[in-house]
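Sequential numbering from 1 applies to the sequence shown in our numbering.
Worth flagging that the hints you see were computed from the coordinates, not collected in a lab.
A quick note: this is a predicted structure, and the numbers were derived from the prediction, not measured.
There's no promise every hint is true.
Calculated pairs, EDC-like style, for lysine to aspartate or glutamate (alpha carbon to alpha carbon, straight line, at most 16 Å) [unchecked claim]:
id	residue 1	residue 2
1	116	166
2	74	124
3	160	195
4	207	221
5	160	111
6	284	300
7	303	342
8	154	124
9	265	281
10	486	330
11	325	291
12	255	291
13	284	309
14	80	111
15	265	278
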Amino acid sequence: QKYRVENLYTGPMDDAAAIAIRDCNPDGPLMLYVSKMVPADKSRFYAFGRVFSGTVRTGMKVRMQGPNFIHGKKDDLFIKNIQRCVLFMGRKFEPVEDVPCGNTVCLVGVDQYLTKSGTITDFDDAYNIATMKFSVSPVVRVAVEPKNMNDLPKLVEGLKRLAKSDPLCVISTSDSGEHVIAGAGELHLEICLKDLQDDFMGGTQVKISDPVVQYCETIQEKSSTIALAKSPNKHNRVFMEAEPLDDELVEEIEKGNYGPEKDVKEMGKDLVSKYNWDPTDSRKIWCFGPDGRGPNMIVDKTKAVQYLDEVKDSFEQAFSWVTRKGPQCDETMRGIRFNVTDVVLHTDAIHRGASQMVQPIRSCLYASELYAQPTLLEPMFLVDITSPQDAVGGIYSCLNKRRGQVTAEEPRMGTPLVQVKAYLPVSESFGFTADLRSHTSGQAFPQCVFDHWQLVQGTAYDVGSRCYTTVRAIRKRKGLAEDVPKPDTFTDKL
Numbered sequence: 001q002k003y004r005v006e007n008l009y010t011g012p013m014d015d016a017a018a019i020a021i022r023d024c025n026p027d028g029p030l031m032l033y034v035s036k037m038v039p040a041d042k043s044r045f046y047a048f049g050r051v052f053s054g055t056v057r058t059g060m061k062v063r064m065q066g067p068n069f070i071h072g073k074k075d076d077l078f079i080k081n082i083q084r085c086v087l088f089m090g091r092k093f094e095p096v097e098d099v100p101c102g103n104t105v106c107l108v109g110v111d112q113y114l115t116k117s118g119t120i121t122d123f124d125d126a127y128n129i130a131t132m133k134f135s136v137s138p139v140v141r142v143a144v145e146p147k148n149m150n151d152l153p154k155l156v157e158g159l160k161r162l163a164k165s166d167p168l169c170v171i172s173t174s175d176s177g178e179h180v181i182a183g184a185g186e187l188h189l190e191i192c193l194k195d196l197q198d199d200f201m202g203g204t205q206v207k208i209s210d211p212v213v214q215y216c217e218t219i220q221e222k223s224s225t226i227a228l229a230k231s232p233n234k235h236n237r238v239f240m241e242a243e244p245l246d247d248e249l250v251e252e253i254e255k256g257n258y259g260p261e262k263d264v265k266e267m268g269k270d271l272v273s274k275y276n277w278d279p280t281d282s283r284k285i286w287c288f289g290p291d292g293r294g295p296n297m298i299v300d301k302t303k304a305v306q307y308l309d310e311v312k313d314s315f316e317q318a319f320s321w322v323t324r325k326g327p328q329c330d331e332t333m334r335g336i337r338f339n340v341t342d343v344v345l346h347t348d349a350i351h352r353g354a355s356q357m358v359q360p361i362r363s364c365l366y367a368s369e370l371y372a373q374p375t376l377l378e379p380m381f382l383v384d385i386t387s388p389q390d391a392v393g394g395i396y397s398c399l400n401k402r403r404g405q406v407t408a409e410e411p412r413m414g415t416p417l418v419q420v421k422a423y424l425p426v427s428e429s430f431g432f433t434a435d436l437r438s439h440t441s442g443q444a445f446p447q448c449v450f451d452h453w454q455l456v457q458g459t460a461y462d463v464g465s466r467c468y469t470t471v472r473a474i475r476k477r478k479g480l481a482e483d484v485p486k487p488d489t490f491t492d493k494l
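Full structure from sequences and hints, please.
The following block contains the structure:
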């Protein structure tokens with residue numbers, strides 16, 4: 001832990017918690033990271049985690065800090081007692097009085113306060129231990145519903161338990177009331193659905209929709225026109241434009257290297273030196289989104305606007321909404337920077353409340369994206385295939401048929417096998433394993449892992465392009481009008 005503490009702990013490296021983690025000190029403040037929930041019986045979960053410093057004891061009073069806890073605030077923080085400590089012994093659980101640092105432990109009575117992961121400590125000034133970053137992201141979704149509608153409460157309860165037990169699985173409810181499960185790929189979803197039916201619902205059967213791939217909305221260039229929207233009472237005006245963010249910067253934001261909790265000056269210096277940002281812009285990032293930490297941002301480029309701080313909440317509210325559901329096909333946005341170029345506000349506060357401001361800001365955000373060559377990003381798998389030399393032809397023909405791109409082919413030293421690496425769109429990966437086996441007489445073994453997001457060819461307005469047809473298909477599936485709205489539908493005239 002001596003050299004890992006910088007990656008483990010999100011607080012300053014000279015506070016008591018960081019020093020105790022560095023020394024792995026059993027007498028220091030307790031710092032424990034809960035990484036997942038393990039089902040104990042039909043209704044309870046054990047919180048499984050590792051003690052990084054201090055000693056955890058049965059009955060001790062602790063601070064339970066969820067993943068959204070911010071130092072100095074009370075959100076996502078619970079102060080409770082630990083009911084029991086237990087150790088995993090193969091398939092059995094062994095109750096123990098205390099567990100010193102360096103060991104893993106299961107805690108009872110924590111599952112009501114932490115959903116999937118979090119930090120448990122007895123140090124009042126502690127920051128969180130860094131959340132686990134997964135190299136994959138949940139890009140494949142299915143909708144589930146019970147075969148017998150009387151089993152709906154069972155399904156809802158089962159989904160809650162599945163969400164707790166699998167840290168990567170994301171459960172959500174769509175606007176139409178469907179229950180949606182998102183996983184890393186076809187196999188991961190299959191395992192989640194099997195667990196849901198057999199373990200969490202006691203064998204109750206569910207109907208499963210065809211798998212659907214998650215796309216992201218993005219843009220290719222700066223907005224061709226500055227978008228203007230007026231409030232319903234016509235007393236307020238918002239002017240905005242959109243521009244794409246660097247791919248590297250988007251990845252850094254997703255890794256958590258830039259975000260709302262980072263020091264503004266440090267972040268500003270980095271943005272100026274690495275990404276050639278204007279020094280003034282770099283200090284005026286209002287918020288990230290969706291959910292306050294996503295790979296999109298609003299930057300304030302206004303000059304001396306009165307009452308601007310009073311409508312900042314309206315901007316954040318509208319921005320969070322829009323980045324979660326973009327104008328092209330209600331998908332999440334990625335890699336877009338929105339610049340607020342000017343705002344004209346009424347002097348009387350009653351005329352510039354949220355009811356007047358959220359709607360024009362939303363319209364302005366939508367129009368800014370649609371003025372900037374809107375397109376989609378599709379998720380790509382990195383496929384690693386091992387097979388004998390004579391089956392390579394079958395691998396290539398199978399990949400070409402599914403828009404795959406081979407990036408490397410290397411012989412495995414000392415064996416008659418060849419390793420082929422390729423990129424494959426997730427949308428083309430359903431049934432890929434079975435197809436590959438039939439092309440190679442069962443000799444090839446593929447492994448897929450999510451690798452990156454790739455631009456879809458064309459824009460949402462290029463008739464006949466892949467982006468155009470994909471957007472229309474998604475809109476049709478979601479019950480929206482098939483044509484993407486023109487930006488003018490969201491803007492007003494001066």
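Structure-based check of all given hints:
1. Note on residue 116 and residue 166: the hinted pairing holds, with a Cα-Cα distance of about 8 Å set against a maximum of 16 Å.
2. Restraint check for residue 74 and residue 124: the C-alpha separation of about 12 Å stays at or below 16 Å, so the hint holds.
3. At most 16 Å may separate the alpha-carbon atoms for a hinted pair to count; residue 160 and residue 195 meet this at roughly 12 Å.
4. The straight-line distance between the Cα atoms of residue 207 and residue 221 is roughly 42 Å, outside the 16 Å bound, and the hint therefore fails.
5. For the hint linking residue 160 to residue 111, the alpha-carbon distance of about 12 Å falls within 16 Å, and the restraint holds.
6. For the suggested pair residue 284 and residue 300, the alpha carbons sit about 6 Å apart, so the restraint of at most 16 Å is met.
7. A C-alpha spacing of about 7 Å is found between residue 303 and residue 342, which places the hinted pair at or below 16 Å, so the restraint holds.
8. Restraint check: the Cα-Cα separation between residue 154 and residue 124 comes to about 40 Å, which exceeds 16 Å; the hinted pair is violated.
9. For the given pair, residue 265 sits about 12 Å from residue 281 by alpha-carbon distance, which is consistent with the 16 Å threshold.
10. With a C-alpha separation of about 15 Å, the suggested pair residue 486 and residue 330 falls inside the 16 Å cut-off, and the hint holds.
11. Distance check on the hinted pair: residue 325 and residue 291 sit about 12 Å apart at the alpha-carbon level, within 16 Å; holds.
12. For the given pair, residue 255 sits about 15 Å from residue 291 by alpha-carbon distance, which is consistent with the 16 Å threshold.
13. Only pairs whose Cα atoms come within 16 Å are accepted, and residue 284 paired with residue 309 is accepted, the gap being roughly 12 Å.
14. Distance check on the hinted pair: residue 80 and residue 111 sit about 12 Å apart at the alpha-carbon level, within 16 Å; holds.
15. At most 16 Å may separate the alpha-carbon atoms for a hinted pair to count; residue 265 and residue 278 meet this at roughly 13 Å.
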